[in-house]
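There are 2 protein chains.
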Amino acid sequence: MIDLQSLSVWKSLTAEQQTALEAASVRRTCPKGTVLHQGDADCTGLILVCAGQLRAYILSEDGREITLYRLFERDICLFSASCIMNSIQFEIMVEAEKDSEVLVIPAELYKRIMSISAPLANYTNEIMASRFSEVMWLLDQILWKRFDVRLAEFLCNEVQIEGTNQLRITHEMIGRHLGNPREVVTRMLKYFQNEGYVKLSRGMIAVCDELDTLLEA
Amino acid sequence: MIDLQSLSVWKSLTAEQQTALEAASVRRTCPKGTVLHQGDADCTGLILVCAGQLRAYILSEDGREITLYRLFERDICLFSASCIMNSIQFEIMVEAEKDSEVLVIPAELYKRIMSISAPLANYTNEIMASRFSEVMWLLDQILWKRFDVRLAEFLCNEVQIEGTNQLRITHEMIGRHLGNPREVVTRMLKYFQNEGYVKLSRGMIAVCDELDTLLEA
Numbered sequence: 001m002i003d004l005q006s007l008s009v010w011k012s013l014t015a016e017q018q019t020a021l022e023a024a025s026v027r028r029t030c031p032k033g034t035v036l037h038q039g040d041a042d043c044t045g046l047i048l049v050c051a052g053q054l055r056a057y058i059l060s061e062d063g064r065e066i067t068l069y070r071l072f073e074r075d076i077c078l079f080s081a082s083c084i085m086n087s088i089q090f091e092i093m094v095e096a097e098k099d100s101e102v103l104v105i106p107a108e109l110y111k112r113i114m115s116i117s118a119p120l121a122n123y124t125n126e127i128m129a130s131r132f133s134e135v136m137w138l139l140d141q142i143l144w145k146r147f148d149v150r151l152a153e154f155l156c157n158e159v160q161i162e163g164t165n166q167l168r169i170t171h172e173m174i175g176r177h178l179g180n181p182r183e184v185v186t187r188m189l190k191y192f193q194n195e196g197y198v199k200l201s202r203g204m205i206a207v208c209d210e211l212d213t214l215l216e217a
Numbered sequence: 001m002i003d004l005q006s007l008s009v010w011k012s013l014t015a016e017q018q019t020a021l022e023a024a025s026v027r028r029t030c031p032k033g034t035v036l037h038q039g040d041a042d043c044t045g046l047i048l049v050c051a052g053q054l055r056a057y058i059l060s061e062d063g064r065e066i067t068l069y070r071l072f073e074r075d076i077c078l079f080s081a082s083c084i085m086n087s088i089q090f091e092i093m094v095e096a097e098k099d100s101e102v103l104v105i106p107a108e109l110y111k112r113i114m115s116i117s118a119p120l121a122n123y124t125n126e127i128m129a130s131r132f133s134e135v136m137w138l139l140d141q142i143l144w145k146r147f148d149v150r151l152a153e154f155l156c157n158e159v160q161i162e163g164t165n166q167l168r169i170t171h172e173m174i175g176r177h178l179g180n181p182r183e184v185v186t187r188m189l190k191y192f193q194n195e196g197y198v199k200l201s202r203g204m205i206a207v208c209d210e211l212d213t214l215l216e217a
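Just so you know, the protein sequences line up as chains R and V, in that order.
Take the first sequence: its letters are residues 1 to 217, numbered as in my numbering.
Take the second sequence: its letters are residues 1 to 217, numbered as in my numbering.
Incorrect hints may appear among the rest.
Said to hold, decoys possible - Only some residues are given here: those of chain R computed to face chain V with a beta carbon under 8 Å:
#: 1; residue: R64
#: 2; residue: N86
#: 3; residue: I88
#: 4; residue: F90
#: 5; residue: M114
#: 6; residue: E126
#: 7; residue: L143
#: 8; residue: Q160
Said to hold, decoys possible - Simulated pairs of lysine-lysine, DSBU-like, Cα-Cα distance not exceeding 35 Å:
#: 9; chain 1: V; residue 1: K190; chain 2: V; residue 2: K111
#: 10; chain 1: R; residue 1: K145; chain 2: V; residue 2: K11
#: 11; chain 1: V; residue 1: K145; chain 2: R; residue 2: K98
#: 12; chain 1: V; residue 1: K11; chain 2: R; residue 2: K11
#: 13; chain 1: R; residue 1: K32; chain 2: R; residue 2: K145
#: 14; chain 1: V; residue 1: K11; chain 2: R; residue 2: K111
#: 15; chain 1: V; residue 1: K98; chain 2: V; residue 2: K145
#: 16; chain 1: R; residue 1: K145; chain 2: R; residue 2: K199
#: 17; chain 1: V; residue 1: K111; chain 2: V; residue 2: K145
#: 18; chain 1: R; residue 1: K111; chain 2: R; residue 2: K11
#: 19; chain 1: V; residue 1: K98; chain 2: R; residue 2: K145
#: 20; chain 1: R; residue 1: K190; chain 2: V; residue 2: K98
#: 21; chain 1: V; residue 1: K190; chain 2: R; residue 2: K11
#: 22; chain 1: R; residue 1: K111; chain 2: R; residue 2: K145
#: 23; chain 1: V; residue 1: K32; chain 2: V; residue 2: K190
#: 24; chain 1: V; residue 1: K11; chain 2: V; residue 2: K98
#: 25; chain 1: V; residue 1: K111; chain 2: V; residue 2: K98
#: 26; chain 1: V; residue 1: K199; chain 2: V; residue 2: K32
#: 27; chain 1: V; residue 1: K11; chain 2: V; residue 2: K32
#: 28; chain 1: R; residue 1: K111; chain 2: V; residue 2: K111
#: 29; chain 1: R; residue 1: K32; chain 2: R; residue 2: K11
#: 30; chain 1: V; residue 1: K32; chain 2: R; residue 2: K145
#: 31; chain 1: R; residue 1: K199; chain 2: R; residue 2: K32
#: 32; chain 1: R; residue 1: K190; chain 2: R; residue 2: K32
#: 33; chain 1: V; residue 1: K145; chain 2: R; residue 2: K32
#: 34; chain 1: R; residue 1: K145; chain 2: V; residue 2: K145
Keep in mind the hints are simulated off the structure, nothing from the lab.
Computed from a predicted structure; not experimentally measured.
We treat Cβ as the ideally placed atom computed from N, Cα and C, and that holds for glycine.
Kindly produce the complete structure, drawing on both the sequences and the hints.
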């Protein structure tokens, strides 16, 4: 069972800091679809994923979405506690992509310990740097990659995450991951089907091995 | 004169740490155009801007550029020392946009002090968070903003930075800031000229007050 003691930084904290964190953290069960953190709402706290899968994304003014990164077991979401740092001037949304169980660490307490604990501050640095790296990867994709390649990579990644090539996902949802309108996704998937890369049926996309050839090209 | 003592974290370091940093830092004069840090090359160190102006940008495989953020006096560039954190998995370029003077702080020493100094680790966190915020702003722009608005905002920002509405900048260079081919910039600038937003002449763009109307719309 994943808990605070699973954190790699845990042993570098003092007994007193450990006790305070354990006493203050709250376990929460989040059915698939639960929005755990909503951009401009209050400072939810740090979220440790104990089970399941979360998705961090941003919203445009007119309701378009794009996925920034996924959080799996043992991952920590920092930006749901953006109040721990003055310089975090952006807002993200976090939702449960699967039924999930999380531990919420209160932001105020975390901030207080971080201010005096070099290990915790450095640990936080590493988390932020790794999210930053994911966003830089995304920026790179959006700027320079063709949409067919982005879609193919997304599908291959989903096959890995889900452990099956039969993906239960709507075109609408893919659009929200990739930041594109549904119609654009549907058009490209139909092209993929014609090329023999995927087989489409209602609410389901079967990814064929041939899709790899597009990525190797 | 800006030096290490100008850093807001300076007074929170021990005398020993201060002495070590001062002894190891190197002042460098960089004429406009100097590339101070090149993505995959070695770990240059942290760069403190003492005078002038730097530009951090990324490159596509085929040589296209986009500006991530600018660094002005007293700003620190962290990602030119990406070796201080394992989780920084991206590479940026840094060049002097004006004649500049910088202090280069060796990455190894900085990392060593950061590992035991909560103030320095938290200071680093804040720097990273503020760069992260700038990149998130950029992502937002690229994803959801029309190009005419991005170009207009860029020009207005340049007017502020340069303190004049007579901008000496090529269409090519604007394209490198915004991540677009030169032709796209030229076409939009011609449209701006027809609308009375700018006046174009060789190597110069005069920004008219009317440009604000586009941003207010």
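Results of checking the hints against the structure:
1. R64: At 7 Å from the nearest chain V Cβ, R64 of chain R passes the 8 Å test, so the hint holds.
2. N86: 7 Å, holds
3. I88: Holds. Min distance 5 Å.
4. F90: Holds. Min distance 4 Å.
5. M114: 7 Å, holds
6. E126: It holds, given that the least Cβ distance between E126 of chain R and chain V is near 5 Å, below 8 Å.
7. L143: 5 Å, holds
8. Q160: With Cβ-Cβ at 19 Å, over 8 Å, it is violated.
9. V:K190 x V:K111: Measuring from Cα to Cα gives roughly 49 Å; hence the hint is violated.
10. R:K145 x V:K11: Judged against 35 Å, a Cα distance of about 46 Å means the pair is violated.
11. V:K145 x R:K98: Distance of about 31 Å is within 35 Å: holds.
12. V:K11 x R:K11: Holds. K11 of chain V to K11 of chain R sits at ~29 Å (cutoff 35 Å).
13. R:K32 x R:K145: Holds - the C-alpha atoms of K145 of chain R and K32 of chain R are around 31 Å apart, at most 35 Å.
14. V:K11 x R:K111: 21 Å, holds
15. V:K98 x V:K145: 29 Å, holds
16. R:K145 x R:K199: With Cα atoms ~24 Å apart, K145 of chain R and K199 of chain R stay inside 35 Å; holds.
17. V:K111 x V:K145: Violated: K111 of chain V and K145 of chain V sit about 38 Å apart, past 35 Å.
18. R:K111 x R:K11: Cα-Cα ~18 Å, so holds.
19. V:K98 x R:K145: 31 Å, holds
20. R:K190 x V:K98: 50 Å, violated
21. V:K190 x R:K11: Between K190 of chain V and K11 of chain R the Cα gap is close to 62 Å, so the pair fails against 35 Å, i.e. violated.
22. R:K111 x R:K145: 38 Å, violated
23. V:K32 x V:K190: 28 Å, holds
24. V:K11 x V:K98: Roughly 30 Å between the alpha carbons, so the hint for K11 of chain V and K98 of chain V holds.
25. V:K111 x V:K98: 29 Å, holds
26. V:K199 x V:K32: 26 Å, holds
27. V:K11 x V:K32: 32 Å, holds
28. R:K111 x V:K111: 21 Å, holds
29. R:K32 x R:K11: 32 Å, holds
30. V:K32 x R:K145: With Cα atoms ~31 Å apart, K32 of chain V and K145 of chain R stay inside 35 Å; holds.
31. R:K199 x R:K32: Judged against 35 Å, a Cα distance of about 26 Å means the pair holds.
32. R:K190 x R:K32: This hinted pair holds, its Cα atoms lying about 28 Å apart.
33. V:K145 x R:K32: 31 Å, holds
34. R:K145 x V:K145: Given pair K145 of chain R, K145 of chain V holds - Cα atoms ~18 Å apart, limit 35 Å.
The earlier numbered hints that this structure contradicts are 8, 9, 10, 17, 20, 21 and 22.
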